[in-house]
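Undergrad: Sequence:
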Amino acid sequence: MKCRAFTSSHVKQSLIGDSCGFHLEFFFFVIIIYMNTTLLSRRDVPKHILAALAGGFSLYLCITLMWTIGYQLAYAGRIFPGVSVAGVDLSGLSVNDAAVKLSQTLSYPLTGKVLFRHGESAWVASPAELGMVFDPTASALAAYELGREGGLFGALSGQVQARGLGADVAPVIIFDQRVAYVYLQNIASRINQPVIEASLHVEGTNVVAQPGQVGRLLNLDATLIYLGAQLQTFRDGEVPLVIAEAAPKLVDVSSQADAARRILSQPVTLSIPNYREGDPGPWVYDIPVVANMLAVRMVDNASVAEMQVGLDPAALRQVLNDLKVYIDRSPANARFVFNDSTRVLEPIEASAVGRSLDVEASVRAINEALMRGEHSITLTVVEQQPSVADTATGAELGVVELVTQQSSYFYGSSEERIQNIQAAAARFHGLLVAPGETFSMGSQLGDVSLENGFAEALIIYGNRTIKGVGGGVCQVSTTLFRTVFFAGFPIVERYPHAYRVSYYEKTAGYSIDPNLAGLDATVYFPLVDFKFKNDSPYWL
1242 MKCRAFTSSH VKQSLIGDSC GFHLEFFFFV IIIYMNTTLL SRRDVPKHIL AALAGGFSLY
1302 LCITLMWTIG YQLAYAGRIF PGVSVAGVDL SGLSVNDAAV KLSQTLSYPL TGKVLFRHGE
1362 SAWVASPAEL GMVFDPTASA LAAYELGREG GLFGALSGQV QARGLGADVA PVIIFDQRVA
1422 YVYLQNIASR INQPVIEASL HVEGTNVVAQ PGQVGRLLNL DATLIYLGAQ LQTFRDGEVP
1482 LVIAEAAPKL VDVSSQADAA RRILSQPVTL SIPNYREGDP GPWVYDIPVV ANMLAVRMVD
1542 NASVAEMQVG LDPAALRQVL NDLKVYIDRS PANARFVFND STRVLEPIEA SAVGRSLDVE
1602 ASVRAINEAL MRGEHSITLT VVEQQPSVAD TATGAELGVV ELVTQQSSYF YGSSEERIQN
1662 IQAAAARFHG LLVAPGETFS MGSQLGDVSL ENGFAEALII YGNRTIKGVG GGVCQVSTTL
1722 FRTVFFAGFP IVERYPHAYR VSYYEKTAGY SIDPNLAGLD ATVYFPLVDF KFKNDSPYWL
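All residue numbers for the sequence shown refer to the working numbering, where the first residue is 1242 and numbers rise by one.
Mixed in with the good hints, there may be bad ones.
Said to hold, decoys possible - Pairs of lysine-lysine residues, derived as DSS-like cross-links and limited to a Cα-Cα distance of at most 27 Å, are as follows:
no., residue 1, residue 2
1, K1774, K1708
2, K1772, K1747
3, K1288, K1342
4, K1342, K1354
Rather than coming from a laboratory, the hints here were simulated on the basis of the structure.
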């Protein structure tokens, strides 16, 4: 095979750029291959084929290189074909021409619409109102740089892509976030609201409920990021408002308000169980009094909050402790006299079941009943059975004979002193003392006052004889002391009078027995008491 190359007759083509003019001669190479098959041996065929292929590839490279150089020179100072900004085609334009075209075509900053929405509210603003300024010159320069950056291969790749697929360059904008921030702050003033916990309170006898409110806060910085991205598109659109919400622990208290109104719908009546005539109570508390005791409190259970309504336990305790004075009573054993003829016990006073108001249980019972809509409420009372019932016998108690007896005389006493002696003695008539019990006369005597049937008479106070309530009670304590003393029971506590009093030594014969001197006992409870212990296995 023979190969000869020659050129065409200098075909000229003029390419004129915007910034300079020039001429370039293209030389077309023609390769003519003479095939002389008679001169080639089989061994030489592969070598000639390879040489032909190599020559063809070299020619391809030469053509490509020349075309590329020509393409660059053709668009020197101009934007490559296929390049646009925000959809505006700038192919072949100079930077200045492109800037003019962009400024005339793209009116988005002034005419565009950006929408913000929250619930039923919406706000529409132009990009310019949000601080957007379009820079056509910088945008044209950005379009011009496409296909001229990124090195040789990067630039060529950009040119090919723009020519084949098109390349839209993002417009260059100036986004003044300070302007947008002010606009968003105005929106925030319509959206932002604090977290409000639901509340409940009482005004007089009226229940006032306030529902809770979800807190909202517009995140300005996060919203600005979405706004900037939307403005970059040069298209109308909606920008999401980034809102952080915080829910209150309690939103709705309508059920608690209804419960409070039921509590205050009528007065509250408290009574003891098994009420009988003569028992204390019932006690009625009017609505204003109940309203003053109504309490609302929050109870946190893990992450859930609960509002509870009811009467304030502390206020209820105060009320109930006042009632304990009337309700509480100790159990009372039956009282007996010993019939010397029949040698049996005869009851003279029935036993009484003791009772004690359980304050804490009553607090719970009252609130539980009120929540059920009940207003007549039974208090919780604990009963204590007496040790000796009405049916007790002497054999059961060990009271089968007279142990000892003592008498004292008070003839010549004033009417008031006699009244006091009778009042005190009545408190011990038929009384039983349990085996092993330490008996306190003062505790059994109780409050010595005018209200309890005592009168003013002469008493010994310090080293003087003066007039006071209960004068003569010591006649009873002295008689009891002598009885216990001569029976041999242990004396636990006993105080004599400050000085010798002769009328405690009187006998039935209207005389004075000096042997009784010093066998007296005074009681001024709770400071001074007389106590003895029943150390026998039997009741006294």
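Undergrad: Each hint: holds or not?
TA: Each hint tested on the structure:
no., hint, verdict
1, K1774 <-> K1708, "violated, 32 Å"
2, K1772 <-> K1747, "holds, 24 Å"
3, K1288 <-> K1342, "violated, 59 Å"
4, K1342 <-> K1354, "holds, 22 Å"
Against the hints set out earlier in the document, violations occur for numbers 1 and 3.
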